[in-house]
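Throw the hints in and build the complete structure from the sequences for me.
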Amino acid sequence: MILRQRQIHVVAWLVIPVVVAVALWTALATRTEVATEAAGWATKERAP
Amino acid sequence: MSHKYVAVAWNPRKKAFDAFLAAGVLLYLAVFVGGSLAALGADAPSEEILLLRGAGSAALVLLHVVLAIGPLTRLDARFAPLLYNRRHLGVLLFFLALVHAVVVSITYFGFAARDPLYNLLSVEGGDADGPFGVFPLLGLMALGALALLATTSHDFWQKVLGPVAWKSIHMLVYPAYALVVVHVALGALRSEHGSALVVGLGAGAGLLSSLHLAAALRSRRVDEDARASEDDWLDVGPAERFPLDRARSVRLPSGARLAVVRHAGGLSALHGVCAHQAGPLYEGRVIDGCLTCPWHGWQYRPEDGRSPPPFEERIASYPIRVREGRVEIREVPNG
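From first to last, the protein sequence lines are chains E and Y. Taking the working numbering, the leading residue of the first sequence gets 1, the next gets one more, and so forth. Taking the working numbering, the leading residue of the second sequence gets 1, the next gets one more, and so forth.
You may find that some hints are simply not true.
[Said to hold, decoys possible] Below are the SDA-like pairs computed for lysine to any residue, each with C-alpha atoms no more than 25 Å apart in a straight line:
| no. | chain 1 | residue 1 | chain 2 | residue 2 |
| --- | --- | --- | --- | --- |
| 1 | Y | 167 | Y | 78 |
| 2 | Y | 159 | E | 5 |
| 3 | Y | 167 | E | 29 |
| 4 | Y | 15 | Y | 106 |
| 5 | Y | 167 | E | 12 |
| 6 | Y | 15 | Y | 103 |
| 7 | Y | 15 | Y | 107 |
| 8 | Y | 159 | E | 17 |
| 9 | Y | 159 | Y | 69 |
| 10 | Y | 159 | Y | 228 |
| 11 | Y | 167 | E | 31 |
| 12 | Y | 159 | E | 26 |
| 13 | Y | 167 | E | 25 |
| 14 | Y | 159 | Y | 30 |
| 15 | Y | 167 | E | 14 |
| 16 | Y | 14 | Y | 99 |
| 17 | Y | 167 | E | 11 |
| 18 | Y | 14 | Y | 294 |
| 19 | Y | 159 | E | 19 |
| 20 | Y | 167 | E | 30 |
| 21 | Y | 167 | E | 28 |
| 22 | Y | 14 | Y | 277 |
| 23 | Y | 159 | Y | 148 |
| 24 | Y | 167 | E | 7 |
| 25 | Y | 167 | E | 5 |
| 26 | Y | 159 | Y | 265 |
| 27 | Y | 167 | E | 26 |
| 28 | Y | 167 | Y | 18 |
| 29 | Y | 167 | E | 22 |
| 30 | Y | 167 | Y | 152 |
[Claimed, not checked] What follows is a list of derived Cβ distance ranges for each label pair:
| no. | chain 1 | residue 1 | chain 2 | residue 2 | range |
| --- | --- | --- | --- | --- | --- |
| 31 | Y | 75 | E | 26 | 28 to 34 Å |
| 32 | E | 25 | Y | 79 | 29 to 35 Å |
| 33 | E | 25 | Y | 207 | 14 to 20 Å |
| 34 | E | 5 | Y | 24 | 18 to 24 Å |
| 35 | E | 5 | Y | 75 | 17 to 23 Å |
| 36 | E | 6 | Y | 322 | 27 to 33 Å |
| 37 | Y | 207 | E | 5 | 34 to 40 Å |
| 38 | Y | 10 | E | 26 | 27 to 33 Å |
| 39 | E | 5 | Y | 195 | 24 to 30 Å |
| 40 | E | 25 | Y | 169 | 29 to 35 Å |
What the hints contain is simulated information worked out from the structure, not anything from laboratory work. The structure displayed is predicted, hence computed values, not measured ones. Ideal Cβ placement from N, Cα and C applies to all residues, glycine included.
As structure tokens, then:
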């Protein structure tokens, strides 16, 4: 059981950098689409 | 270690650590909000948005710290005091994530023109009134995982669940970390033009991954492999290879690892995995006459594998002898 947890641990830390790289790449690739509304998001007034 | 179950007590060191931690987080939030208001002036976002970003970024930094402590301790024992206080860091990061989620809910969901539930569950991108895409849902899932980890970060739950089940639950921190990073990447990162967050997230993930893989590689290293000698005895190497008061790892043919240690009373061979959190007892040292786990300090007498009174834990001990200058052990533990 302990051995299996160690293997999961190693696989997790091999997979996580790939997930992070894909997430960063996706975010950067779609950044310009949302950049224009970003200012609106950040300073959005509360609805009454 | 336990005699009967006793809740973990606060002690002056834990109180000092928590006070230092709380002061550090408050200072960070004050600098984040105050500094942003001062630097951006009229262009600064509202206080609520600065608070949710401050709490979120503090939780993200703490999550990296929490995940780095384990491998750092495996690589260098000087980091062990941080491991001792890691649970408090984890609970604090959950509360920061909760503050982030509550302020987000009020600011973006509670006052949005559209139904908050629709905004949360819809993966479609919308306008400033929502929906906001998939990233809030990822954040909510991560928050759920962190909540489970925080509520079970207590010796009571470890006692009830057992070390293996408890550890299995706490491995949820890996998917939680991945969810948090994707949440930040698809959320805050896309709404910013600067590259600091991209570099920070990439470097953080790269550093954590490197540390964990380096620690895993190191823990794969075995000091000695046990080889068949004569009768039921296994040869584990020359006696002079076992230093005083420091365990060496020995791998049995079955794959199990033992902690072989030379101490004042001679040589002993004990089960290599601590009964507390399955820590590497084979990397331990003899302190006060007991083999001590490097993770949380649980102790076992080298002679019989029993914890010193009043504690009742016991791990297996194995027959060991020195013959013609070589250490030999048996694979079947002592009764």
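Against the structure, the hints come out as follows:
1. Y/167 - Y/78: 23 Å, holds
2. Y/159 - E/5: 19 Å, holds
3. Y/167 - E/29: With Cα atoms ~37 Å apart, residue 167 of chain Y and residue 29 of chain E exceed 25 Å; violated.
4. Y/15 - Y/106: Roughly 33 Å separates the two Cα atoms, so the pair is violated.
5. Y/167 - E/12: Distance of about 15 Å is within 25 Å: holds.
6. Y/15 - Y/103: 28 Å, violated
7. Y/15 - Y/107: Violated, because 34 Å separates the two Cα atoms, which is more than 25 Å.
8. Y/159 - E/17: Violated, at about 33 Å.
9. Y/159 - Y/69: 23 Å, holds
10. Y/159 - Y/228: Violated. Residue 159 of chain Y to residue 228 of chain Y sits at ~38 Å, over the 25 Å cutoff.
11. Y/167 - E/31: The hint is violated at about 38 Å.
12. Y/159 - E/26: 43 Å, violated
13. Y/167 - E/25: Between residue 167 of chain Y and residue 25 of chain E the Cα gap is close to 32 Å, so the pair fails against 25 Å, i.e. violated.
14. Y/159 - Y/30: Roughly 39 Å separates the two Cα atoms, so the pair is violated.
15. Y/167 - E/14: Holds, at roughly 19 Å.
16. Y/14 - Y/99: 23 Å, holds
17. Y/167 - E/11: It holds: about 16 Å lies between the C-alpha atoms, which stays within 25 Å.
18. Y/14 - Y/294: 19 Å, holds
19. Y/159 - E/19: Judged against 25 Å, a Cα distance of about 34 Å means the pair is violated.
20. Y/167 - E/30: 38 Å, violated
21. Y/167 - E/28: 35 Å, violated
22. Y/14 - Y/277: Judged against 25 Å, a Cα distance of about 20 Å means the pair holds.
23. Y/159 - Y/148: 16 Å, holds
24. Y/167 - E/7: Distance of about 13 Å is within 25 Å: holds.
25. Y/167 - E/5: Since the Cα atoms of residue 167 of chain Y and residue 5 of chain E sit roughly 8 Å apart, the hinted pair holds (cutoff 25 Å).
26. Y/159 - Y/265: 32 Å, violated
27. Y/167 - E/26: Given that 25 Å is the threshold and the Cα spacing comes to 33 Å, the pair is violated.
28. Y/167 - Y/18: 24 Å, holds
29. Y/167 - E/22: Cα-Cα ~28 Å, so violated.
30. Y/167 - Y/152: Status holds; Cα separation ~10 Å.
31. Y/75 - E/26: 28 to 34 Å: 33 Å, holds
32. E/25 - Y/79: 29 to 35 Å: 33 Å, holds
33. E/25 - Y/207: 14 to 20 Å: This hint holds: roughly 19 Å between Cβ atoms.
34. E/5 - Y/24: 18 to 24 Å: Violated - the Cβ-Cβ distance for residue 5 of chain E and residue 24 of chain Y, about 32 Å, lies outside 18 to 24 Å.
35. E/5 - Y/75: 17 to 23 Å: 19 Å, holds
36. E/6 - Y/322: 27 to 33 Å: Because 32 Å falls inside the window, the suggested range holds.
37. Y/207 - E/5: 34 to 40 Å: 22 Å, violated
38. Y/10 - E/26: 27 to 33 Å: 45 Å, violated
39. E/5 - Y/195: 24 to 30 Å: Given about 37 Å between the Cβ atoms, the range is violated.
40. E/25 - Y/169: 29 to 35 Å: 31 Å, holds
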